[in-house]
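Enquirer: As they're listed, the protein sequences go chains A, B, C and D.
Those letters in the first sequence? Residues 1 to 297, by full-length UniProt numbering.
Those letters in the second sequence? Residues 1 to 543, by full-length UniProt numbering.
Those letters in the third sequence? Residues 1 to 99, by full-length UniProt numbering.
Those letters in the fourth sequence? Residues 1 to 637, by full-length UniProt numbering.
Honestly, the hints are just simulated from the structure, not real lab data.
Since the model is a prediction, treat every value here as computed from it, not as a measurement.
Please note that a few of the clues may not be correct.
[Claimed, not checked] Below are the BS3-like pairs computed for lysine-lysine, each with C-alpha atoms no more than 27 Å apart in a straight line:
1) B/Lys-309 / B/Lys-246
2) A/Lys-100 / A/Lys-37
3) B/Lys-404 / D/Lys-162
4) B/Lys-334 / D/Lys-162
5) D/Lys-162 / B/Lys-474
6) B/Lys-474 / B/Lys-484
[Stated by the list, open to error] Anything over 12 Å on all C-beta distances counts as not near chain C; from chain A, calculated:
7) Ala-29
8) Leu-45
9) Glu-187
10) Gly-218
11) Asp-260
12) Gly-263
[Unchecked claim] Simulated restraints, written as ranges between beta carbons of each label pair:
13) B/His-481 / D/Gln-609: 53 to 63 Å
14) D/Asn-2 / B/His-524: 43 to 53 Å
15) A/Phe-82 / B/Arg-185: 51 to 61 Å
Ideal placement from N, C-alpha and C gives every residue a C-beta, glycine not left out.
One-letter residues, chain by chain:
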Amino acid sequence: MNALALTGATSTGEAVQFWILAVIAVGGALGMLLMRKAVHSALCLAATMIALAVCYMAQGAVFLGVVQVVVYTGAIMMLFLFVMMLVGVTSEDSLKEQLKGQRFAAVFCGLGFGVLLIAGIANAKLDHFTGLADANAEGNVQGLARLIFTKYVWAFEVTGALLITAAIGAMVLTHREHVKAPSTQRELAAQRVKDNIQVPPMPAPGVYARHNAVDVPGLLPDGSIAEDSVMATLRERGQIRDVSQEMLQRMAELEETTADWLGRPSSARPPVAPPEQRRALQKVPTAKSPSAEEGSE
Amino acid sequence: MSYLLTATCAVPAAGAVLTAALPAGTDDGRRRVTKIVALAVSLATLALAALVAVRFEPGGARYQLTESYSWIRSFGITFSLGADGIGTVLVLLTAVLVPVVLLASWHDADPERGAGGTADPATFENRRRTQAFFALILAVEAMVLVSFLATDVFVFYVFFEAMLIPMYFLIGGFGDRAGGPESARQRSYAAVKFLLYNLLGGLVMLAAVIGLYVIAQDQGFATFDLPTLTGAVADGKLVVNPTAEKALFLGFFFAFAVKAPLWPLHTWLPNAMGESTAGTAVLITAVVDKVGTFAMLRFCLGLFPDASKTFAPAILVLSLIGIMYGALLAVGQKDIKRLIAYASISHFGFIIMGIFAMTSQGQSGATLYMVNHGISTAALMLVAGFLISRRGSRLIADYGGVQKVAPVLAGSFLIGGLATLSLPGLAPFVSEFLVLVGTFTRYPVIGIIATFGIVLAALYVLVLYQRTMTGPVKDSVRGMHDLKVRELAVVAPLVALTILLGVYPKPLTDIVNPAVDATLSQVHETDPAPAHPVAATPGGEQK
Amino acid sequence: MNPVNYLYLAGLLFTIGASGVLIRRNAIVLFMCVELMLNASNLALVTFSRLHGNLDGQIIAFFTMVVAAAEVVVGLAIIVSIFRTRHSASVDDSNLMKL
Amino acid sequence: MNSLIPLLVAAPLAGAALLLLGGRRLDRFGHWLATAFAALSFAFGLALLASMLGRETAERQVDVNLFSWIPVNGFQADVGFQLDQLSITFVLLITGVGTLIHLYSVGYMAHDERRRRFFAYLNLFLAAMLLLVLADNYLLLYVGWEGVGLASYLLIGFWQHKPSAATAAKKAFLVNRVGDMGLSIAIMLMFAEFGSFAFGPLLGSEGTAGAVGQASEGKLTAIGLMLLLAACGKSAQVPLQSWLGDAMEGPTPVSALIHAATMVTAGVYLITRSASIFNLAPDAQTTVVVVGAVTLIFGAIVGCAKDDIKKALAGSTMSQIGYMILAAGLGPIGYVYAIMHLVTHGFFKAGLFLGAGSVMHGMNDEVNMRHYGGLRKYMPVTFVTFGLGYLAIIGFPGLSGFFSKDKIIEAAFAKGGTEGWILGGVTLLGAAITAFYMTRVMLLTFFGEKRWQPDAEGHEPHPHESPSTMKIPMIVLAFGSVFAGGLFTLNSSFLHWLEPVTGHAEGDSPLSPLTVTLITTLCMVAGVAVSYLMYGRSPVPVVPPVGSALTRAARRDLLQDDFNHAVLVRPGSALAAALVYFDSRGLDGFVNGLAATIGGVSSRLRRIQNGYVRSYALSMFGGTLVLVATTLLMRSV
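Start from the sequences, fold in the hints, and give me the full structure.
Expert: Okay, here's the thing in structure tokens:
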């Protein structure tokens, strides 16, 4: 690295580097602040972080610079992006502020704080920079290692515990807990018998389907459609493809053919009632009707 | 070191835990088990308390049967107990009253009888209600006993304050049958008021306790041990500067005056006693409040003798106002329980007056007054509770002619009332007269004005009796049944004690007198001598 | 150039991060702002390390990173679980903590 | 023999306890049990009297110390009895008349379902009254003093279902409490002054001076006035007399025993007992005399106007006790005669009340004399006994009242000076008025037309003579009314009997005894004559005429109740109401207002807690800003 960085003074190269990096970092930060889409913000932040990593290295913190790139930009920012995938990449903030005066107050506080901070730094007597030449004499990583495993070993251990806790915490938080044990097959069956509404299996859809089967209800013995056989969503939307007439027609044709083939007289043939009448006869309770519910309570 | 005192306090505490842990249920059987267990625990406590009284030697050391266990070593706090004469009689009072209260409150916590429970008997709080009620009462008993026996200022403070917790729940959670839909709100108001008043007092006292420790520590007494501190104060080894002493005294006194309660800090009492069950009301006025007056005697006088003397006249005036004010307000009440509460305020005025009159008659009288007031008010209040449980109203106007339909109830009520008005021959007379005499010898004017209190006492008691018990039988009380066996068992010991202690109070005075003398010597006071003592008269015979 | 400029840079970034926390409503962006603040303080620490000529500042910065990592993990987990129940990542939608 | 003294008290007390606790199973014979206990006590009294008579005068006083009651350092109260000539006189009066009245009550209360309680209360009264007269110190006396008050309260209000009875009982107790306050202050004064309140050391006994001689006259006057206040309460003297008339709401035997013969005379006992104090406090004595004189006239005037037979007699009682108090206030010249009049009054007034009770018994509990008339034919025994009592009270020569009253009038004159003349005049006037109103009672009740009317339910009264349990006591008391006075005066026996206790002095009367007697008799005759002219010659109107202002005032107890109501009751209840308001609005209002203020401020403040995390962050950031700014400022300064 830059030999001068190890001393208190800065070279012109470092100055140039600094100004370039500073512009990138500040630009990234502002970009993060102002971009509407979260993904853009994340990318801006990544840029800032990389710029900072270089700053670290320029100041003799080589190890930290590398860690910054690997951990922050590599791991943490990726985590952010993952979560954004989960939440929705396209999600945008609406720019309309809902809290009264929040934005104004935030800008005011921010400016005030910045001014104070900079004033504070400017006021501090920071003219002599020792530099890290001595500290980094046996190498930056070795120097850090020495400190971590001697002076800060306790903190280090605790940090380990913290990380494990955080990992477990994240697992627990994102884990979906079942509020109660799921009912077993046996219990479901018993419940169905107890309710005595639909003891046999539900009718299946699609028996008479010729294409996209789920929206074609099954037919009951009298030829009417079994609405239960179609999923509730489709029923709600009214997207049931009623094929009963067609099917009855075909059945009738079939029977005609059969009768013809057997030579039965037409009077012995069962009459084909018009569909409206059949609807009236068919009064199998659909789902749990409200009255049934009250009765069982 | 004997473990008697610890045992006396620990038995009700353990009993509270046990009672709370008993199986819950809404059936009568389970409830009865709870009640019987609680009663048995309280009776065991009574036996232990009686043992304490027997083992206590009136002529012996100030604090007897002492025990001490290290608690918080860095602040010199020890869990030390010790019985002195005053504490012993109050321990006895507590131990006697709690079984009586338990028996009187037998059905008060049953959700279908008392107010405060929800309608559905199967909810959790209703299933646990009986256990909770009885356990809370036992918890209060344990804490009160520790307060009466503690010889460590810090231990006393802790239990003095801890008492508020079970009391809060007792007041807020359990009411009597008279409660309408409005009563739940009233009750929680009363409970919160009770808690806030007493917490405020307690906080002020905490500051004073810390201040006392800091001052004592500066002078080499890094301890909360009461005998050590009072001894050092008496010997002049521990010198508190007068301003600081006054401030500390006021800090302690404020807490005790709230608890006692002294006018004008009394307004929580009528609410608390009015809204809670009769049993709880008795617990408040007959037991818990006594800790306040007891502590004035033990802590205020012992630790701050000079400040006590400085403030005595002012306190006497306040107590005098309390006597008259409480009595006048009792006259103006429409609610039976509130009437009794105001009567209690008047009586507490007498007690505090006796304490700060700084005479042996006054202080012995005040101590006896604590006991006698406990018994007589318990009798009056519990019988009033029985009455209210029958009719479901606390308003005096809803009664009339009860004497005709329930003569035993009316008779018991009358005896309780007569005791409250200090009829000679009944226990409260002895104490009231001692207080009056004790006050009179030092402050004649205050003594005479206080005597008017006995006329007012007669007024409110007799008006109450006349309006509720006599006259034509009102429709609302027709068919009211008389006292049942359980209720008789509640009333009988109280009445018997009232009469017994009125006729022969000597066993109590023998225990109390030495302690009072010790207290008086701590404040460097002696009784004013009579101008023309009988003994000096030639030919006069000294009894 | 005076290395103090690094400190000015750190202050500026910190302020921007803080303002972001106050202004942005998307919880994820909010978190990124927090990260920016942490980074800014890390830069300051590294500069202090250089100022004093010992590595303690860097150690602290290192720990900060570890803690930040832990914080992000938990924080994002919270965001995910909130998003699951409320279908929103806006912090203004989680305002039940009022009387 | 001395051990009998506690038993005197214990017997009726045991009776009371037995009857109260015994329950229903004693209903059938409880009244006889009570009567037996009373009689037992009377027997003990007689035995003690016999034993006392057997001793020398100097040794007649007996002290029995039972146990230490309230020992607190200097304050030593004992339960002890002192039996001397004064006490035994009272003991015999109380137990004797008491037993008779128990017997009378057996008949009178025969149909009352709560008879057992009645007898229990009567026994309780006897016990308390005996305690009062036997106590050897003021504190124990106080116990008896309030004990009789309690018994009186219970018995006046015995018919509790009548609101008037309950009110009267309460009133009696309260007014008495005011008096009791005086007694307790007196005891406190004694203790503060002498360190004791026992009779022996304080008052001295025969031959030994008590401690009272040491104290200043001011102190003694104060004690004396307080004792007088107590006496006024118990003995229904002005200004605490208002309860006695109302007390007639109680059953008639109660009126006879408590409110005529015994309890109301306790004030006289107290003053006589405290003679040593009063003798040294002339101002207090003067006050006593004035109170007695005023009450004498007051009671007499009230007695003239009342149409209720019992209330008329109550007025008379007040007036007669006024005589006794007056006599007691005269000092050594009057004590003995006060007690003598007390005893004779006990006989004839009890007899009169029993007679009145008998009349009421026969007249469906009618008390209005205007509804009587001509009863002598229907109840001859009652008529005769009542008549003898009547003759005794008006001071008909030869009967009891004649001797005792005459002596008091004599003593009043003997006070000497202007005072003597005034007092003599008042007592003479009293004697005349007594004759007037008693004749009125007699005429209205037993003579003239019969004027009775059906009661509210339409029952025509059928006057009849009472059963023998009621007649016997009346007859015995009539004997007492006739002969007691003569017996006492014979050889001045009563004087010699009591003199060792109360002391005695002869005053120098400006009039000779014979003159006084003559004038007294003349006054009496005048009173009778006026009364006869007014009520004996013309038919009595059933509806009372409006009458003069004085009559109307007298019918209302000379406006005493109105006065009390206006001066004490109404301001009192207004004060109580005001304080209730103050307590709930003032003190509580202050506290609640404080709470409401804090609550209001908090509820405003809590709006800051809007639940938006960014808002909280802003607060934090703002806080940091302030902190940083402050730090920088502090460093730059």
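Enquirer: Which hint numbers doesn't this structure obey?
Expert: Those not satisfied are hints 7 and 8.
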